[in-house]
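There are 2 protein chains.
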Amino acid sequence: MRAGFSFDVDARDGLARSGRLKTPHGTVETPAFMPVATYGAVRGLSPAELREIGAQILLANTYHLHERPGEAVIEGLGGLHGFAGWTGPWLTDSGGFQVTSLSDRLSIEEEGVTFNSPLDGLRRQLTPETAMKIQQALGADIAMVLDECQPPEAGDLDRGVAGPRVEAATARTRRWAERCRKAHDRKDQALFGIVHGGGSESLRRQSASATAELDFDGYAHGGLGLGEGRSRRADLVAASHEELPEAAPRYLMGLGRPLDLLDGIAAGVDLFDCVIPTRNGRHGVLFTSQGVLRITNARYRDDPEPIDPGCDCPACRHHSRAYVRHLLRGGESLGTRLASLHNLRFYLGLLERARQAIAAGRLEALRRDLEGTVDTPIP
Amino acid sequence: MRAGFSFDVDARDGLARSGRLKTPHGTVETPAFMPVATYGAVRGLSPAELREIGAQILLANTYHLHERPGEAVIEGLGGLHGFAGWTGPWLTDSGGFQVTSLSDRLSIEEEGVTFNSPLDGLRRQLTPETAMKIQQALGADIAMVLDECQPPEAGDLDRGVAGPRVEAATARTRRWAERCRKAHDRKDQALFGIVHGGGSESLRRQSASATAELDFDGYAHGGLGLGEGRSRRADLVAASHEELPEAAPRYLMGLGRPLDLLDGIAAGVDLFDCVIPTRNGRHGVLFTSQGVLRITNARYRDDPEPIDPGCDCPACRHHSRAYVRHLLRGGESLGTRLASLHNLRFYLGLLERARQAIAAGRLEALRRDLEGTVDTPIP
Numbered sequence: 001m002r003a004g005f006s007f008d009v010d011a012r013d014g015l016a017r018s019g020r021l022k023t024p025h026g027t028v029e030t031p032a033f034m035p036v037a038t039y040g041a042v043r044g045l046s047p048a049e050l051r052e053i054g055a056q057i058l059l060a061n062t063y064h065l066h067e068r069p070g071e072a073v074i075e076g077l078g079g080l081h082g083f084a085g086w087t088g089p090w091l092t093d094s095g096g097f098q099v100t101s102l103s104d105r106l107s108i109e110e111e112g113v114t115f116n117s118p119l120d121g122l123r124r125q126l127t128p129e130t131a132m133k134i135q136q137a138l139g140a141d142i143a144m145v146l147d148e149c150q151p152p153e154a155g156d157l158d159r160g161v162a163g164p165r166v167e168a169a170t171a172r173t174r175r176w177a178e179r180c181r182k183a184h185d186r187k188d189q190a191l192f193g194i195v196h197g198g199g200s201e202s203l204r205r206q207s208a209s210a211t212a213e214l215d216f217d218g219y220a221h222g223g224l225g226l227g228e229g230r231s232r233r234a235d236l237v238a239a240s241h242e243e244l245p246e247a248a249p250r251y252l253m254g255l256g257r258p259l260d261l262l263d264g265i266a267a268g269v270d271l272f273d274c275v276i277p278t279r280n281g282r283h284g285v286l287f288t289s290q291g292v293l294r295i296t297n298a299r300y301r302d303d304p305e306p307i308d309p310g311c312d313c314p315a316c317r318h319h320s321r322a323y324v325r326h327l328l329r330g331g332e333s334l335g336t337r338l339a340s341l342h343n344l345r346f347y348l349g350l351l352e353r354a355r356q357a358i359a360a361g362r363l364e365a366l367r368r369d370l371e372g373t374v375d376t377p378i379p
Numbered sequence: 001m002r003a004g005f006s007f008d009v010d011a012r013d014g015l016a017r018s019g020r021l022k023t024p025h026g027t028v029e030t031p032a033f034m035p036v037a038t039y040g041a042v043r044g045l046s047p048a049e050l051r052e053i054g055a056q057i058l059l060a061n062t063y064h065l066h067e068r069p070g071e072a073v074i075e076g077l078g079g080l081h082g083f084a085g086w087t088g089p090w091l092t093d094s095g096g097f098q099v100t101s102l103s104d105r106l107s108i109e110e111e112g113v114t115f116n117s118p119l120d121g122l123r124r125q126l127t128p129e130t131a132m133k134i135q136q137a138l139g140a141d142i143a144m145v146l147d148e149c150q151p152p153e154a155g156d157l158d159r160g161v162a163g164p165r166v167e168a169a170t171a172r173t174r175r176w177a178e179r180c181r182k183a184h185d186r187k188d189q190a191l192f193g194i195v196h197g198g199g200s201e202s203l204r205r206q207s208a209s210a211t212a213e214l215d216f217d218g219y220a221h222g223g224l225g226l227g228e229g230r231s232r233r234a235d236l237v238a239a240s241h242e243e244l245p246e247a248a249p250r251y252l253m254g255l256g257r258p259l260d261l262l263d264g265i266a267a268g269v270d271l272f273d274c275v276i277p278t279r280n281g282r283h284g285v286l287f288t289s290q291g292v293l294r295i296t297n298a299r300y301r302d303d304p305e306p307i308d309p310g311c312d313c314p315a316c317r318h319h320s321r322a323y324v325r326h327l328l329r330g331g332e333s334l335g336t337r338l339a340s341l342h343n344l345r346f347y348l349g350l351l352e353r354a355r356q357a358i359a360a361g362r363l364e365a366l367r368r369d370l371e372g373t374v375d376t377p378i379p
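Protein sequence lines correspond, in order, to chains B and D. Letter by letter, the first sequence follows residues 1 to 379 of this note's numbering. Letter by letter, the second sequence follows residues 1 to 379 of this note's numbering.
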């Protein structure tokens, strides 16, 4: 890895590993979960609160920040670290996923992606070169290559095959990766490649090995969490890892529910991000040690207990289920804030437990323990 | 005043006074500003943050809490202090103002107010007796009588007269006050009467003197801030004070902008509440020592300065104008939170300065200093 960065594995448990990813803005204990700060802020939460609940690295969306306020503003204020007040490590996605999922009149060609901006309706183009330029201006510790993320044809993922559209997108992602590699010249920023290949193990192996040839600082799995089953996904991830350099960190993009994270960890993933904890929190779906609690349910109307009596987050330390329920039902923003804090603390705490379990050689026991509770709705 | 309460004046400056209002849940330095926690939460802010910026007492809306979650839920969780996690003093309004301003098919009769609930459309009635019952269950340190707040006829306020509708409402408010006094029997809760009389000084004097006969723990001015000029209002407030017992705290309901508060203080008011700091904050209108700053203005796009370099609030300590602007423009709830924190800190700081000025006999100098800046838009 480049100067200022290092990745050290401290413990292994099967394919899983725990370690430390050093960046110019601090060290991340891995496996790590990155809260999503789309526009440079995690829904209603302050940097101090995020630190308090154990966040070590945040993810921001390149495309959204490019649209507003624009990377020049952020660069002028010291990059994401200076602009958003989170002085620890940042990762930015490439914008490709957002562009393809949010835009209309999308046209993907070899040069790049052309689309209508949802903000002003004007025509924009994102190319591997502009994706690098924007991310270098944003100044995150870790940047991502521009990839083409094509949804698999129905059933392809589960059958373990990739149709021609996914095959072509995987090949193009590899060509774009090469252009990103050339266009990227910021010395204090790591650049990760992205492995695609839909539901096909052989195509993912091929993509991983071809991407690794470009010698990135780390590697991500793209295009997963789109409907494939848990065990299929674990196989795809583990197979790709065999083609990737052992010494580089691995990132499973956009996933997922708690057990999805544990599956990824068991397959050797080091980094995760997902909007589930904040989005579910907003909708009153709260993760607890006893299962999933729907706080808007009438049974919590006068419940004096904290969301999870075993949780140490500010919402559980200071407030009752009845109060959080009342706030969320009334659309009070303090409700969203408390629910997001709680769910993020659950995720960050889960990763802490996973790191400890790996060190103790007990990751499988942790996964079995959680299998019966963590995703189960509390009736 | 009743046991557990006391009000001591420490200093006077003209008609203004500073002192300490002791309640069962803590002492409030007066003159004081009460942030508005409509549903038991100040827009996105935690109790700890409110304490940090100097809040000493919060106001909650009886009517809104009656609708949701209902006073029985709050009472069962230890009243507002236990339910909402703000363990300092609370004041609840009577609900009368909300009912008359929010409801349709309103019918005001001697028995009480009958209206359609905006929540479920069902017919509800609020009487002096039920207003007391609800407020006693909510358990605030200070409760308010149910009043009938009739908007003055056009021009009445400025001409200094009251039309027959305001006259009748003032008389009814006095009759309701008597029923509230009889229905209220919670020993650890103070009860304040409300003076009405529209724009007529003689009617306000009459209302004040008749309300004072009922020996309330404190007195409020109702029906002001509805279009009368600053100097007319000051006259009306000062005239009423001459009829009220000197030893009781006085509260100017629902007002206002910073200079409205200083006017009230100069006329001898001890308590204020207003949604302006939080509502303006949400809309990007920020109070600073240099004047009113519209943060969404393009000139702040890349401004690295804090909202107000002289301010000690968390928004100013940690974030730039450019970042707060970005968040508010994008509808990010952290933006609302930071703007509300800042504006509330401005108000609470203004009251601190007023208390110091009264002690130093310099309130008029403070008012003159602020007259040219505090309400003036920064161009």
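Accuracy of the hints is not assured; some may be wrong.
[As the list claims (entries may be wrong)] Covered by chain B, according to a simulated footprint, are these stretches of chain D (three or more residues, beta-carbon under 8 Å):
{"no.": "1", "region": "315–329"}
{"no.": "2", "region": "332–339"}
{"no.": "3", "region": "356–367"}
Source of the hints: derived by calculation from the structure; they are not laboratory data. A virtual CB, placed ideally from N, CA and C, is assigned to each residue, including glycine.
Consistency of the hints with the structure:
1. 315–329: n = 9 at 8 Å, threshold three: holds.
2. 332–339: holds (count 6)
3. 356–367: Violated - the region 356–367 of chain D has 0 residues with a Cβ nearer than 8 Å to chain B, which falls short of three.
Hint violations for this structure: number 3 only, all remaining hints satisfied.
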